[in-house]
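Starting from the known structure of chain A, arrange chain B on it as the hints suggest.
Order-wise, the sequence lines are chains A and B. If you read the first sequence in the numbering used here, its first letter stands for residue 190, the second for the next number, and so on. If you read the second sequence in the numbering used here, its first letter stands for residue 190, the second for the next number, and so on.
For the record, the hints were derived by calculation from the structure and aren't laboratory data. Since the structure is predicted, the reported quantities are computational estimates derived from the model, not experimental observations.
Any copy will do: because identical chains look the same in the list, a pair fits if it lies in one copy or spans two.
Computed list of lysine to any residue pairs in SDA-like fashion (alpha-carbon distance at most 25 angstroms, straight line):
| # | residue 1 | residue 2 |
| --- | --- | --- |
| 1 | Lys-446 | Pro-246 |
| 2 | Lys-267 | Val-342 |
| 3 | Lys-267 | Ile-339 |
| 4 | Lys-446 | Pro-340 |
| 5 | Lys-446 | Ala-371 |
Protein chains: 2
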Amino acid sequence: MEQMLLGASPAELRKRIRSGEFSGPTGGLARGHVQANLVVLPRAWAFDFLLFCQRNPKPCPILEVTNPGQYMPLATAKDADLRTDLPRYRIFRNGELEAEVTDVTHYWTDDAVAFLLGCSFTFEAALLAAGIRPWELAAGQNPPIYISNIPTVPAGLFSGRMVVSMLPIPAGQVARAAQVSARFPRAHGGPVHIGRPKAIGIQDLMCPDFGEPFVLKADEVPVFWACGVTPQIAISQARPEWAITHAPGYMFIADMKDSELEE
Amino acid sequence: MEQMLLGASPAELRKRIRSGEFSGPTGGLARGHVQANLVVLPRAWAFDFLLFCQRNPKPCPILEVTNPGQYMPLATAKDADLRTDLPRYRIFRNGELEAEVTDVTHYWTDDAVAFLLGCSFTFEAALLAAGIRPWELAAGQNPPIYISNIPTVPAGLFSGRMVVSMLPIPAGQVARAAQVSARFPRAHGGPVHIGRPKAIGIQDLMCPDFGEPFVLKADEVPVFWACGVTPQIAISQARPEWAITHAPGYMFIADMKDSELEE
Chain A
190 MEQMLLGASP AELRKRIRSG EFSGPTGGLA RGHVQANLVV LPRAWAFDFL LFCQRNPKPC
250 PILEVTNPGQ YMPLATAKDA DLRTDLPRYR IFRNGELEAE VTDVTHYWTD DAVAFLLGCS
310 FTFEAALLAA GIRPWELAAG QNPPIYISNI PTVPAGLFSG RMVVSMLPIP AGQVARAAQV
370 SARFPRAHGG PVHIGRPKAI GIQDLMCPDF GEPFVLKADE VPVFWACGVT PQIAISQARP
430 EWAITHAPGY MFIADMKDSE LEE
Chain B
190 MEQMLLGASP AELRKRIRSG EFSGPTGGLA RGHVQANLVV LPRAWAFDFL LFCQRNPKPC
250 PILEVTNPGQ YMPLATAKDA DLRTDLPRYR IFRNGELEAE VTDVTHYWTD DAVAFLLGCS
310 FTFEAALLAA GIRPWELAAG QNPPIYISNI PTVPAGLFSG RMVVSMLPIP AGQVARAAQV
370 SARFPRAHGG PVHIGRPKAI GIQDLMCPDF GEPFVLKADE VPVFWACGVT PQIAISQARP
430 EWAITHAPGY MFIADMKDSE LEE
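The following block holds chain A by itself, in its conformation from the complex (with noise of 0.2 angstroms):
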């Protein structure tokens, strides 16, 4: 990745994602500010997933939603095109990914709302921050991600089961990252599991869903959070005529800071 790119300010990155100059993965990118997951939906389907948000706050904590029609979001960044400003979306239709692309203004529609939900590097910037250094952090490696048993709590047709993520922490570190997660209820918060992989219908650890197979060190314990992926199996289920989401890993970049997230 380029030096240039690493010290650019959202509103470059944006405007790098938007001309097509940068279509990477977003993690490690304008560091200190929020990245978002993106779910858009038709005006028909936004009531029941909004609900169901609400009922999942977990893996599906809103930073905001836009008005019908609107593109250009209010509260998480100025002069930002939602259609444009991501490097890949995915667009599902009736629930199967159709195409993953790098522009979506000629799918978004007069009747379209869009979802921006906290995203996990919010946390894990948090944890760095404390002296918590998981590997797959340190080396810039997407954490192994699992298809847990918890189930989500439906709204509507949405429901399915909860993705989580997983990071390795050292034992004697575990309590100090959950606390410091915590304070961040809109970047999924404190852990949903922390220590039983089987309690939470994962039979494997060592093989996740997503994501390299690797291996647990004697003194780690796996700690398990929700995930952004969550909606994408919610909207598989819930089969509507069409959806876009990011793809994972290609997140939006907003101008809101982590800090404010911290309650």
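Leaving out everything else, chain B in the frame of chain A:
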């Protein structure tokens, strides 16, 4: 008030209210249990109102939203009926207050969506437990209520100014009061303003918009919290074809405990 009522459980109180045996204000009843503001709207207005709540969490902290047509809450109470279990309701037509009634069974529609919002009783109980005893709480009075000049963030046609309640807090306890109430974000959370009524558009503190005139003592600071009457202003602005709310002071008594709202 009967001594028997003061010791009654939430389920017992709802039964007495449902039967018409009790129809008074609910302040002081079922101590330790959550009470809730109620807003009911047709499904077609529910997305905008849910979005209004999401954008204005201090005046409109969501405890639960029912599925369309359902009058039995799931998260806040068991075996409750939102059509009969509040002692007094308000019926709005096109934003105008039409009637106050004790049963809304005949107003409930197949597409009615009920919103239960947290109430100040929860943080007031926490203040009392922390040794902070403003006069009107001790005396069982309702606090003075003002229409501030703080704008709510609009959603659809819902908009308007924030309604606030005021407690006169001894100067030495103001910081503690802010801290204690902030632990209950789903019951209006921390104050929205401390100390300068004119800064939020309150010209004469002694003459509230609702409630009795009073005198601030020399050592007291006026502390303002967002109030659950705010949605009623927003409804009068939006003018939905119909809406049902609780009558101020006549709340829904939930099974949920205040302690479950502490964060």
